[in-house]
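Going down the list, the sequences are from chains W and E. Quick note: the first sequence uses our numbering, first residue 1, plus one each step. Quick note: the second sequence uses our numbering, first residue 1, plus one each step.
One should not assume that every hint holds.
[Said to hold, decoys possible] Derived list of chain E stretches under chain W, where covered just means 3 residues or more per stretch with a C-beta under 8 Å from a C-beta of chain W:
(1) 190-202
(2) 470-483
[Claimed, not checked] Partial selection, computed: residues in chain E whose CB lies under 7 Å from chain W:
(3) T40
(4) P119
(5) A122
(6) A126
(7) N139
(8) K140
(9) P144
(10) T211
(11) N213
(12) D214
(13) T217
(14) A252
(15) E254
(16) S448
(17) S449
[Claimed, not checked] Listed below are the simulated SDA-like cross-link pairs for lysine to any residue, each with C-alpha atoms no more than 25 Å apart in a straight line:
(18) K183/E <-> T45/W
(19) K82/W <-> K253/E
(20) K253/E <-> P148/W
(21) K253/E <-> V156/W
(22) K188/E <-> G76/W
(23) K140/E <-> P58/W
(24) K188/E <-> P58/W
(25) K140/E <-> H54/W
(26) K451/E <-> L49/W
(27) K82/W <-> V208/E
(28) K511/E <-> L64/W
(29) K120/E <-> E88/W
(30) K253/E <-> D168/W
(31) K120/E <-> V156/W
(32) K82/W <-> T474/E
(33) K82/W <-> H45/E
(34) K511/E <-> L49/W
(35) K133/E <-> T474/E
(36) K140/E <-> M46/W
(37) K82/W <-> K451/E
(38) K188/E <-> L49/W
(39) K120/E <-> A209/W
Bear in mind the hints are in silico, worked out from the structure with no lab data behind them. Given the structure is predicted, the values throughout are model-derived calculations rather than measurements. Beta carbons are placed, not taken as given, at the ideal position from N, Cα and C, and that holds for glycine.
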Amino acid sequence: MISFVLRRLASAVPTLFIVVTISFFLMRFAPGGPFNLERPLPPQTMANLMATYHLDQPLWNQYLTYISNAVTGDFGPSYIYKDNTVAELIGKGLPYSIQLGSYALLLALIGGVLAGTLAALRQNSVLDFLIMSVSTVGVTVPNFVVGPVLTLVFAVVLAWLPAGSWGDGSLRFLILPMVALALPQLAVFARLTRGSMIEAMHTDHIRTARAYGLPPRVVVVTHAMRAAMLPVVSYLAPAAAALLTGSAVVETIFTIPGVGRYFVLGAINRDYTLVMGTVVLIAIFVIVFNLVVDILYGLLDPRVRHD
Amino acid sequence: MTLANIKLSTAILLGSFLIGASPVLAETVLHRGNAGEPQTLDQAHTSINIEEFILKDLYEGLTIYDAAGKVVPGAAETWDLSDDGLVYTFKLRADAKWSDGSPVTATDFVFSLQRIEDPKTAAGYANILFPIKNAEKVNKGEVPVDQLGVKAVDDKTLEITLERPTPFFLELLAHQTALPVSKASVEKNGADFVKPGVMVSNGAYKLVAHTPNDSLTTEKNPEYWDAANVKIDKVIFYPIDDQAASVRRFEAKEMDLAYNFSADQLDRLRKSYGEQVHVSPTLATYYYAFDTRQEPYSDVRVRRALSMSVDRDFLAKEIYSGSQLPSYSMVPPGMASYGDPAKADFSEMSQLDREDEAVKLMKEAGYGEGGKPLNIEIRYNTNPNHERVATAVADMWKNTFGAQVSLVNLDVSSHYAYLQEGGKFNVARAGWVADYADAENFLALSLSSNKTFNYGHFENAEFDALMKKSYEETDPTVRSKILHEAEALLMKEQPIAPFLTQADLWLVSDKVKGWQDNAVNAHLSRFLRVSE
Chain W
1 MISFVLRRLA SAVPTLFIVV TISFFLMRFA PGGPFNLERP LPPQTMANLM ATYHLDQPLW
61 NQYLTYISNA VTGDFGPSYI YKDNTVAELI GKGLPYSIQL GSYALLLALI GGVLAGTLAA
121 LRQNSVLDFL IMSVSTVGVT VPNFVVGPVL TLVFAVVLAW LPAGSWGDGS LRFLILPMVA
181 LALPQLAVFA RLTRGSMIEA MHTDHIRTAR AYGLPPRVVV VTHAMRAAML PVVSYLAPAA
241 AALLTGSAVV ETIFTIPGVG RYFVLGAINR DYTLVMGTVV LIAIFVIVFN LVVDILYGLL
301 DPRVRHD
Chain E
1 MTLANIKLST AILLGSFLIG ASPVLAETVL HRGNAGEPQT LDQAHTSINI EEFILKDLYE
61 GLTIYDAAGK VVPGAAETWD LSDDGLVYTF KLRADAKWSD GSPVTATDFV FSLQRIEDPK
121 TAAGYANILF PIKNAEKVNK GEVPVDQLGV KAVDDKTLEI TLERPTPFFL ELLAHQTALP
181 VSKASVEKNG ADFVKPGVMV SNGAYKLVAH TPNDSLTTEK NPEYWDAANV KIDKVIFYPI
241 DDQAASVRRF EAKEMDLAYN FSADQLDRLR KSYGEQVHVS PTLATYYYAF DTRQEPYSDV
301 RVRRALSMSV DRDFLAKEIY SGSQLPSYSM VPPGMASYGD PAKADFSEMS QLDREDEAVK
361 LMKEAGYGEG GKPLNIEIRY NTNPNHERVA TAVADMWKNT FGAQVSLVNL DVSSHYAYLQ
421 EGGKFNVARA GWVADYADAE NFLALSLSSN KTFNYGHFEN AEFDALMKKS YEETDPTVRS
481 KILHEAEALL MKEQPIAPFL TQADLWLVSD KVKGWQDNAV NAHLSRFLRV SE
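Generate coordinates for the entire structure from the input sequences, incorporating the hints supplied.
Listed below in structure tokens is the structure:
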């Protein structure tokens, strides 16, 4: 097991390297640069800025400098948020994104699995139909619609919850963004669970367990659930990576100080270093969660063993 | 008044005295919506008004804008200008202090201005202070930084020498780029001098906390020379780039001020919030430029006819829901040093009369129905509102002259790059936002020597001569008269057709007192009060 984890971590290094290299050059092929504004800067000012940020050097040179700095954890200064380095921005924002994202992940996972299981056990009932309709809405209605509707209802009209901001970080402030963030993932978890649960309930070993006269609760929870969780667990990796690295839309709507918006803002403003920093962050999250999922697989499914 | 009433009113009176005398006064807080996250709090790198609102609460420049948007003394109490208009001598306030208690000195200002122009600083707005002697040369690295025309005569006397007389120099000093930094703090802390807990500032407020994309908190600076008159104890800025979210937080009463909202919300918000909705004309003009290098736009009659036939009221009311105002002058109204701008001669006519006159002019020029065909291409930068304006204008030109009008749009950087690099066109949309509150900033766009911003390459010797005269004139009244003559000429020639004066949209809660709409959009928190 330990050697499996070590092997996987070692293979992450070339993966990260390739991701960084491709994004570095892709970013530079986009037209314009960080200092091309609506009103052109005087040539002298432009030259001063390019020199300050070493953007006047040949591209391969910039690339080598970036890689060698990145290895030491120096991801350079942000070109938009000039008072901060990229590492500082991500360092400040990440705890907020992780906290909100974990709540949302928990809500999506528990809520989704519960709803999906209920729907599967009452297949083709009104309850099943209801849960699946709601989850279709959850997947199809984007959170830039859900977010404002939630605030209008709960903050403006009913005045029960704040309309935005992290505030003191208490649950009161986090409920609405958490729900907006969790809803689409909750819907996916519900649909996945329902599908695999129905399938699991028809397998031979469940039929056997039933034939033995095991109580329905034991059949569902200890036997069917375990098999039905495999697709859910494999979806956990992308879901966790997406939720924990923040969402530009939800953070903007609710003024959450997380890192989600930096990817989009960085790309629009050609803030090369900020985009690179977020790309590295997301890549690391995806790699780590895939590894976690593979380990979970081994625990859940006797057919998968990492020796 | 009955006895019971007297008792009651005495009790209320007593109560209010008690509250007034109580040492644990409730802290007054202003919750200020700001239209986005500041990119920097460094005066050398700031460029947008989101930063300006914060920086001007934290720092005080030599001159400032008061609540009405007029230039008044700030850190400088008085000043003199030499007879040749070249040397300003500023007397700093004797009691001006930094938030760490140290005095604000002329050396701090020398250091700050040198820092802006130093090429090593790479300040994006360094050019706004180029009227200072040698500033441009310093910024280009041609002469050393200490050659900048700024000198500390003694601790409280600052001398600034100019390259040439610059009548709007006091306006430039009110720009956020000219705010001072504490020399001691910057030398000690380097780039970190902008961080909470480190920043030393000389304005009415000091920086307490900053969580990017969440909030920025400032507190009253007890060392500020006029601290006794600063009524709000704490100002919290909320950076909200989503305009709809900003409106919702104002409606949820989480913010007292919200800046910038979508114009299509204007009617609804006016219905719900009445006087709390502010549409404040700003120093920005929305206009169409004609390419005067080619037929038929080289003919003043064609330009005038096209301009006259555009119904500005329709654009302002129907497309912008009244969030922009009809305009007939290049210089927007509300500029203290200029007064009422010189409007186009047809501004007083009714739209129907204008159209009759326009048809006549176009016929004289030999275009349109019965003459040479009129094929017009309108170029604009991609944006739903600009598209609606272009469509409406195209319609007006079709109906009035039977013109064939086509529309072309490019993304904003490509659009402006094309115009600024001298690309040919027929008619193009453009906008100009004042760098400083002076008419020259708008009129200089049409100088024949202005290769970048004179998109239509308008050339008029008389206009150029008037502008040249204005640069040499040091008497502000005479200068303003010359600039008016120049604008009147420009509006007669119509190489550009101004359509709209843009406006800043604010939601100002009833709780906020002392708010005044002004064209420079200056709203220092120290001039505001909050009542519960």
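Status of each hint after checking the structure:
1. 190-202: Answer holds; 3 residues pass the 8 Å Cβ test.
2. 470-483: violated (count 0)
3. T40: holds, 4 Å
4. P119: Status holds, d = 5 Å.
5. A122: holds, 4 Å
6. A126: holds, 6 Å
7. N139: This interface hint holds because 6 Å falls under the 7 Å limit.
8. K140: Constraint on K140/E satisfied, holds at 5 Å.
9. P144: This hint is violated: P144/E lies away from chain W, its Cβ roughly 16 Å from the closest one there, beyond 7 Å.
10. T211: This hint holds: T211/E lies near chain W, its Cβ roughly 5 Å from the closest one there, short of 7 Å.
11. N213: holds, 4 Å
12. D214: With a minimum Cβ separation of about 4 Å from chain W (threshold 7 Å), the hint on D214/E holds.
13. T217: Nearest chain W Cβ about 12 Å off; hint violated.
14. A252: Result: holds, 4 Å to nearest chain W Cβ.
15. E254: holds, 6 Å
16. S448: With a closest approach of 20 Å, the S448/E hint is violated.
17. S449: Status violated, d = 16 Å.
18. K183/E <-> T45/W: holds, 23 Å
19. K82/W <-> K253/E: Between K82/W and K253/E the Cα gap is close to 32 Å, so the pair fails against 25 Å, i.e. violated.
20. K253/E <-> P148/W: holds, 16 Å
21. K253/E <-> V156/W: holds, 8 Å
22. K188/E <-> G76/W: Holds, at roughly 22 Å.
23. K140/E <-> P58/W: Holds, at roughly 23 Å.
24. K188/E <-> P58/W: violated, 34 Å
25. K140/E <-> H54/W: holds, 18 Å
26. K451/E <-> L49/W: holds, 23 Å
27. K82/W <-> V208/E: holds, 19 Å
28. K511/E <-> L64/W: violated, 56 Å
29. K120/E <-> E88/W: holds, 23 Å
30. K253/E <-> D168/W: holds, 17 Å
31. K120/E <-> V156/W: At roughly 49 Å apart (the allowed maximum being 25 Å), V156/W and K120/E break the hint.
32. K82/W <-> T474/E: violated, 39 Å
33. K82/W <-> H45/E: It holds: about 8 Å lies between the C-alpha atoms, which stays within 25 Å.
34. K511/E <-> L49/W: violated, 44 Å
35. K133/E <-> T474/E: holds, 17 Å
36. K140/E <-> M46/W: Within the cut-off at roughly 11 Å; holds.
37. K82/W <-> K451/E: violated, 31 Å
38. K188/E <-> L49/W: Answer holds: K188/E to L49/W is near 24 Å, not above 25 Å.
39. K120/E <-> A209/W: violated, 77 Å
Hints 2, 9, 13, 16, 17, 19, 24, 28, 31, 32, 34, 37, 39, counting from the list given before, are not met by this structure.
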